[in-house]
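Based on the sequences and whatever the hints tell you, model everything.
Residue-level listing of the chains:
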Amino acid sequence: MSSTTNNDDKQKHNQKQAGDSVLEKSMSRRDLLRLMGVGGAGLLIGATGVGGIMQAANKSLAVATTAATGAGASGDVLPFYGVHQAGIATPSQDFILFAAFDLTAASINDVRTLFQAWTAASAAMTQGTMIGTDNNNLNLPPSDTGEAAGLSPSKTTITFGVGPSFFDGRFGLSGKKPSSLEELPAFGGDELQPEWCGGDIGVQVCANDMQVAFHAIRNLTRIARGKAVLRWTTEGFQRTSGADKQGATPRNLMGFKDGTANPDTSDETQMKQNVWASADDGVPWMAGGSYMVVRRIRMRVEVWDRSTLSDQEATFGRHRESGAPIGSLKEFDTVDVNKKDENGKPIIPANSHLALARGDGSLKILRRSYSYSSGLDNRTGQLDAGLLFICYNRDTSKQFIPMQTKLSRMDKLNEYIVHTGSAVFACFPGVSEGGYIGETLL
Amino acid sequence: MNWKLIAISLSCASLLFLSACGSDTATNTKTDTAAATATNTESPAASESPAVTVAPATEAEWQPVLDEYRAFTIKEADSLVIETEKFVKAVKAGDIRAAKQLYAPSRMYFERIEPIAEALGDFDPHIDARENDVDEKEWRGFHRIEKILWEENTTKGAEGYADTLLEDIKLLRALMETVEIEPSLLVTGAVELLNEVSSSKVTGEEERYSHTDLYDFVANVEGAEKIYELLKPQLNKHDAELEALIGTSFKNLDDALADYKAGDGYKSYLDLKEEDTKKLSQLLDALAEPLSQMGKILGA
Numbered sequence: 001m002s003s004t005t006n007n008d009d010k011q012k013h014n015q016k017q018a019g020d021s022v023l024e025k026s027m028s029r030r031d032l033l034r035l036m037g038v039g040g041a042g043l044l045i046g047a048t049g050v051g052g053i054m055q056a057a058n059k060s061l062a063v064a065t066t067a068a069t070g071a072g073a074s075g076d077v078l079p080f081y082g083v084h085q086a087g088i089a090t091p092s093q094d095f096i097l098f099a100a101f102d103l104t105a106a107s108i109n110d111v112r113t114l115f116q117a118w119t120a121a122s123a124a125m126t127q128g129t130m131i132g133t134d135n136n137n138l139n140l141p142p143s144d145t146g147e148a149a150g151l152s153p154s155k156t157t158i159t160f161g162v163g164p165s166f167f168d169g170r171f172g173l174s175g176k177k178p179s180s181l182e183e184l185p186a187f188g189g190d191e192l193q194p195e196w197c198g199g200d201i202g203v204q205v206c207a208n209d210m211q212v213a214f215h216a217i218r219n220l221t222r223i224a225r226g227k228a229v230l231r232w233t234t235e236g237f238q239r240t241s242g243a244d245k246q247g248a249t250p251r252n253l254m255g256f257k258d259g260t261a262n263p264d265t266s267d268e269t270q271m272k273q274n275v276w277a278s279a280d281d282g283v284p285w286m287a288g289g290s291y292m293v294v295r296r297i298r299m300r301v302e303v304w305d306r307s308t309l310s311d312q313e314a315t316f317g318r319h320r321e322s323g324a325p326i327g328s329l330k331e332f333d334t335v336d337v338n339k340k341d342e343n344g345k346p347i348i349p350a351n352s353h354l355a356l357a358r359g360d361g362s363l364k365i366l367r368r369s370y371s372y373s374s375g376l377d378n379r380t381g382q383l384d385a386g387l388l389f390i391c392y393n394r395d396t397s398k399q400f401i402p403m404q405t406k407l408s409r410m411d412k413l414n415e416y417i418v419h420t421g422s423a424v425f426a427c428f429p430g431v432s433e434g435g436y437i438g439e440t441l442l
Numbered sequence: 001m002n003w004k005l006i007a008i009s010l011s012c013a014s015l016l017f018l019s020a021c022g023s024d025t026a027t028n029t030k031t032d033t034a035a036a037t038a039t040n041t042e043s044p045a046a047s048e049s050p051a052v053t054v055a056p057a058t059e060a061e062w063q064p065v066l067d068e069y070r071a072f073t074i075k076e077a078d079s080l081v082i083e084t085e086k087f088v089k090a091v092k093a094g095d096i097r098a099a100k101q102l103y104a105p106s107r108m109y110f111e112r113i114e115p116i117a118e119a120l121g122d123f124d125p126h127i128d129a130r131e132n133d134v135d136e137k138e139w140r141g142f143h144r145i146e147k148i149l150w151e152e153n154t155t156k157g158a159e160g161y162a163d164t165l166l167e168d169i170k171l172l173r174a175l176m177e178t179v180e181i182e183p184s185l186l187v188t189g190a191v192e193l194l195n196e197v198s199s200s201k202v203t204g205e206e207e208r209y210s211h212t213d214l215y216d217f218v219a220n221v222e223g224a225e226k227i228y229e230l231l232k233p234q235l236n237k238h239d240a241e242l243e244a245l246i247g248t249s250f251k252n253l254d255d256a257l258a259d260y261k262a263g264d265g266y267k268s269y270l271d272l273k274e275e276d277t278k279k280l281s282q283l284l285d286a287l288a289e290p291l292s293q294m295g296k297i298l299g300a
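Protein chains in written order, with the UniProt record's numbering: chain D, 1 to 442; chain C, 1 to 300.
Hints in this document: simulated from the structure, not taken from any laboratory. Among these hints, one or two may not hold up.
[To be verified] No more than 25 angstroms apart at the CA atoms, straight line, and that leaves these computed lysine-lysine pairs for DSS-like:
| no. | chain 1 | residue 1 | chain 2 | residue 2 |
| --- | --- | --- | --- | --- |
| 1 | C | 273 | D | 227 |
| 2 | C | 279 | D | 227 |
| 3 | D | 227 | C | 251 |
| 4 | C | 278 | D | 227 |
| 5 | D | 330 | D | 412 |
In structure tokens form, the structure reads like this:
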């Protein structure tokens, strides 16, 4: 409806229509505003008129979204509660803000309190509501820092995990440590910097808006004061959904498509096999959770930029433009690493990233990486940019580690990258309303 | 107070409304600025503590607290005059060793009561401005003398500034009789004292020539702790958990600071490693966050 009139009857009509239609089908708030013409020509309606409509619409919307709960009522809001934590199988949002925390809490009770407060705040932030109850008291700092007020939740997901150091004995949890949750072994070519490694807790915030993502990490950090402190953070980005309306496989900063070989997140069998930990895996509290690996991989951008296209494609094993395996036409064409050219040489080089990462095709991980840019390296004046590699798998020791061991030894890509950060986290199973993250462990 | 009642009844109404619908998660009411005042924009799931039920203290209840704080600040100011006199005397006598020794300890009396000096107008810049905080030709006070003592390693040229400093401090002491201390000054003053530490002392920017930042650090924290002690009974009535948390957080910071004692004073900032300043800064944040909630005793 593109009403441009400000007459009263029309308003009432709009109001009624808005109420009627939201009862019939779920509708985002934004749709509702559009329907009512608020925002554009609708400004012609006096401020009072808008307020009145908004109030009525609000009530209607509450009814509508309640009816549609769980069905993704609004395109900008992803549910926080569920069987699995959001942010794993969720299609990648545009931005990430990853934060590792170290606990300073004295007791497991404090840790529990922190996780409960984080759960409440995360549920609020992902749904686009303000944190806490003291947002209008002039004598107090507001409970919510406010920079996301009035903004869409932008598909925010907040995903929590704990690192190996969480089980070091401070909280009496050493007996519950999953055997596969170990800091990664040293891989060839690693140049890990302590400031980008480890952490008792890992928090992945993803959103389609950087300010919204920042708001989440900032408020979680604030809530943690006295119980946990930031250890390191990294911001990452992809092309935005606005820049790529088709939602094609994103390109990394080397210009190649990254993530083509992911398991199908909508296929529950594949997810169970490769991503979700199961109760049968020996760690009951992790059933429905997933193991996360984070690697900060700096790209030697300047070196890469002076390599020929043929070298670049041989390095990845794919064509740059299409993303197709070398010798094929389309991105998702079947990869045949055994195919030879007329001289008997593999068409996809055996030391290419594709050939090595794929192996025999039996090892799969769910990549959820983002690019990062962190200014410049003051020692060299070169860009500090690369990949914030994140993956989820069911058992890191059986999936990521064997894969990375092979890559670190032979990958042609190693000439152009260096791993500078590393962390692993056991991401909890999902939580239902009334519960809190980590409740199966604590 | 009417608006408060309205707000409460409105939020109750929307709470009921939401629970009647069986959900409190899917309504994205935050984007609604027009109706923000008329709907509950806060997720019930995120509520932390029940609403304050204790009425704010009356004027009569406040009076003894304010009187005691006034007495404290005046006592500190008296000591500030006495100790600054000694410092000024050493500067004017050309005794650089004594001047350097007296510099940091005498400043601590000022640092404990900084919110009062700030409330009294120009005193803070006159007494405590750092280089570039004010125009070069107007720059005076402790840090001007600090620069001469440590950078030039002499007392020459500092005598005039020493005299002015003592005059400023005596005037401050005199005017303190007139300052009106409000409950809100205490509440915000305590947080301001810690913010002072956070923004310049913990980074070593306050005492850039003498590196005696830890003296200021300790004094600011003591000034905030004094206010907390005074507000403790009221705070306890409103939120005993918060009161206890602030107490523990002060203790954690005090204990950490005790590690940096050296003789009667404190280590040089130059002897602190990055992990030391980070630890102190994080303990300070852990304290300042709950301390900033002390405004609860003022009501809404």
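For this session: Below or equal to 25 angstroms on CA atoms is what counts here, so check residue 227 of chain D against residue 251 of chain C.
Result: Between residue 227 of chain D and residue 251 of chain C the Cα gap is close to 15 angstroms, so the pair holds against 25 angstroms.
Exercise. Given the hint that residue 273 of chain C pairs with residue 227 of chain D, does the C-alpha gap stay at or below 25 angstroms?
Worked result: With Cα atoms ~23 angstroms apart, residue 273 of chain C and residue 227 of chain D stay inside 25 angstroms; holds.
For this session: Could you grab the alpha-carbon distance between residue 278 of chain C and residue 227 of chain D and see if it respects the 25 angstroms cut-off?
Result: holds (15 angstroms)
Exercise. Would the pair residue 330 of chain D and residue 412 of chain D pass a check requiring their Cα atoms to be no farther apart than 25 angstroms?
Worked result: holds (23 angstroms)
Problem set entry | Pair hint outcome, residue 279 of chain C versus residue 227 of chain D [Cα-Cα no greater than 25 angstroms] | holds (13 angstroms)
Violated hints for the displayed structure: none, as all numbered hints are satisfied.
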